[in-house]
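Trainee: Residue strings, one per chain:
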Amino acid sequence: MSTPASLRVFEWKLLVYRRVWRSNIVTSFLQPMLYLLAMGLGVGSLINKNPASSQTLGNLPYVAFVAPGLLATTAMMVASIESMWPVIDALMWGRQYEAMSATPIEATDIVASHAMWILFRSGIAAITVAAAMALFPDVRSWGLIAAVPAAMLSGLAFGMPLAAWSVTRTREMSFPVIQRFIITPLFLFGGAFFPLSQLPLVIRWFGYTTPLWHGVELCRAWATGSSLGALAALAHIAYLLLWAAVGMFLMRRLAQRRLFA
Amino acid sequence: MSANPTHRTSGAPGIREPLIHAEGLVKKFGAFTAVDGIDFDVQPGEAFGFLGPNGAGKSSTMRMIGCTSPISGGTLRLFGLDPATHGREIRKRLGVVPQLDSLDSELTVEENLIIYGRYFDLSRAEARRRAGELLEFVQLSDRAKSRVEPLSGGMKRRVTIARSLINQPDLLLLDEPTTGLDPQARHILWDRLYRLKQQGVTLVLTTHYMDEAEQLCDRLVVMDAGRIAAEGSPRRLIEQHATREVLELRFPAGANAENEHFAIGLGERHELLPDRVLVYVNDGDQALASVIAAGAKPESALVRRSTLEDVFLHLTGRTLVE
Amino acid sequence: MSTMPLLRIVPPVVRAARRPQRMLERQMMCYRNTWPILLSGFFEPLFYLLSIRVGIGKLVGDVTVGNHVLTYAEFVAPAMMASSAMNGAVYDSTMNVFHKLKYARTYDAVLATPMGIGDVALGEIGWALVRGLLYATAFLMTMAVLGLTSSWWVLISLPVCVLIGFAFAAVGMASTTYMRAWTDFEFVPTVTMPLFLFSATFYPVSSYGSWAWVVQLSPLYHGVALIRAANAGTASWGIVGHVVFLLTMAFAGLWVVSRRLQFLLLK
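Protein chains in written order, with our numbering: chain F, 1 to 261; chain B, 262 to 583; chain Z, 584 to 850.
Just chain F, same shape as in the assembly:
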């Protein structure tokens, strides 16, 4: 009976979210819109003047190139924030997980509920970003609908391993370091703002191994309607699922050890 129990944990998170959802949706709509204005159109106007770049960008106007990248990075950001402080909060400060461990709720339920929560939060974020994107004629397409689940999957692939790490923490000191050394570089070098092909070979291959790049590729292919073979799409999805699954497996083991041992 693990599904209903994990739903109950999910419900608790929803209850908390209900208090802040309005301002949350407004900011998660405004921020990408401003980004698209400044980077997509503003910097884009400089880039589009440079004839050498149009081929690098696959003949896309820059705003159309960067927007799907923003979709995937936003989902990753949301998932990563939700997988750091809130996890340690529920473990140590608010102690909700501890309270749950005294009920029939099990480690599996906590992991499942966290996965649901990440999908929910990154889903909302992705939908609002997609809504902001739809305001830009160069970006608007039906493919955005397919890009939303792709973004959610990138969130899950990044969030679950991170949550597994957070479950083992007793202090939040490592979180800013993770933000600086993992999340920020991924944000900048994950293929969202420029193609990885511009990078030196070693860094490029490192980029290819990160879940973010696969998410960005999926989002971009589907949102811009460019050709992506079924096999390539499946490979991207499988790779993201692998990260998510490993993360869930680890988190379950570590949560078991932390809460129920």
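A portion of the hints provided could be inaccurate.
BS3-like cross-link-like pairs, simulated, lysine-lysine; straight-line CA separation at most 25 Å [stated by the list, open to error]: (1) Z:Lys685 with B:Lys417; (2) B:Lys417 with B:Lys353; (3) Z:Lys685 with Z:Lys850; (4) B:Lys417 with B:Lys458; (5) B:Lys417 with B:Lys406; (6) B:Lys353 with B:Lys458; (7) B:Lys458 with Z:Lys850; (8) Z:Lys850 with B:Lys353; (9) B:Lys558 with Z:Lys685.
The hints are simulated quantities; they were obtained by calculation from the structure and are not laboratory data.
Because the structure is a prediction, the values reported are computed rather than measured.
With the hints as your guide, set chains B and Z onto chain F.
Mentor: Chains B and Z only, in chain F's frame:
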């Protein structure tokens, strides 16, 4: 032992001036009057207490004495100085243990003491030396390098007390020093405070525990609703406002009121509480015998000595800890 | 001291400060335990500047500002430096201060000693400046290593970063005194992000055409303009305007901070 501050007499030599002098002291927050015109003096070397329930105005009074809350009316002098103009000079000579712990969670136990000493302009070496001695005094030397967070409530309170002594204060202010602590931690704390008192440190504390007031205070005022209801030593207050013994009668739930008549005329007076009837008498056993003889069937009966709780009940008609 | 009219722009409680450096000492003690966090911040400019140089910069090519031709990274780097000064100051003066104000009661503890409100306000803002100076130095060194500096005048960007930090820390701390709960801090990025994006950071102010005056309302724009001028080694009367703008913001913030802290802590 450097935690023993040598008392500096302030003011003109030869005149034994009170450390604290308050006259008609008032504290208002908007329309609400927290402290409503109180008078008291605290003499050097004494342990002085404010006893009263939550909301009686004790903490507001303490904050005014600590020079972190401007007075709304009346006069307040510490060491003969006016807090409004000489706050910095006064605070230099105070030690403050606030009601809620304000230890620096980003620092270790020892660092907490050292930086506090630095706020008082001690040299680093001196602050470090005193921190070591004070941690020994509060029996926490082994936790010097520990962070504050994992410490128990009682330990944190002891660190706070050690911190308040870093400047070798002439006057130590303790706002509800043992509220929320378990009995064992309270006794450790009382023991340390008692030692300070023996070393001649002037203590001013607030409490809503009568046992704490009885243990620590030479003299106290009973506060209620911003006013002083009575003043004196614990023993004198009990003598004045209560009888030697109290008979506590518990009747079945909800039946205390209908059994109240058994108490009437039995002693000097009685109090009807939600859960029991208190009879103030000089001989409790004899009173109990006559209640039983009159046909009362209490579920339980207890004879005990009067405490400050009874004094407070008598003065205000309310219990201290509700 | 109070006879000097120029000092009247400093709030009285701040003038009464005697030992604000003790608050800095406290911060340094804190960082003795958490210095990796401080150190990790030094790498941030490296990531940003690299991503501009090898990434977007390659896509953009060169930028012409006035009669200078710059690589895009050279154009953006000073703006990034100003933004990083802003972000650092805002971070230090909002969440951190709120925690100490409302939860840790750090300032209540400090005020029970001979320290005063002025010491707290100056000390906390001062820390934002010291930290800002450290980060700015790291930023400048990164810029130099990546070949993005153009003249020795660029060293002036260090005091400029301190000024930017002062302005934003003072206003950041002032807004913090009005915050009621953590959720109120969502409002902070809502302000800083548009500033970051639209202060002539990523493209010249001329791109805004007739909307350029809106950009000039952004305090960050003035910081960006100052650092660009320093890096280019060009002086103009506009510089005075930029400095006055930031100073005004700083002292306005300081007045609000000192009043509000008095109201909140010395009830």
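Trainee: Hint by hint, note whether the structure agrees.
Mentor: Now for the hints, and whether the structure bears them out:
{"no.": "1", "hint": "Z:Lys685 with B:Lys417", "result": "holds, 19 Å"}
{"no.": "2", "hint": "B:Lys417 with B:Lys353", "result": "holds, 23 Å"}
{"no.": "3", "hint": "Z:Lys685 with Z:Lys850", "result": "holds, 14 Å"}
{"no.": "4", "hint": "B:Lys417 with B:Lys458", "result": "holds, 21 Å"}
{"no.": "5", "hint": "B:Lys417 with B:Lys406", "result": "holds, 14 Å"}
{"no.": "6", "hint": "B:Lys353 with B:Lys458", "result": "holds, 20 Å"}
{"no.": "7", "hint": "B:Lys458 with Z:Lys850", "result": "violated, 30 Å"}
{"no.": "8", "hint": "Z:Lys850 with B:Lys353", "result": "holds, 20 Å"}
{"no.": "9", "hint": "B:Lys558 with Z:Lys685", "result": "violated, 54 Å"}
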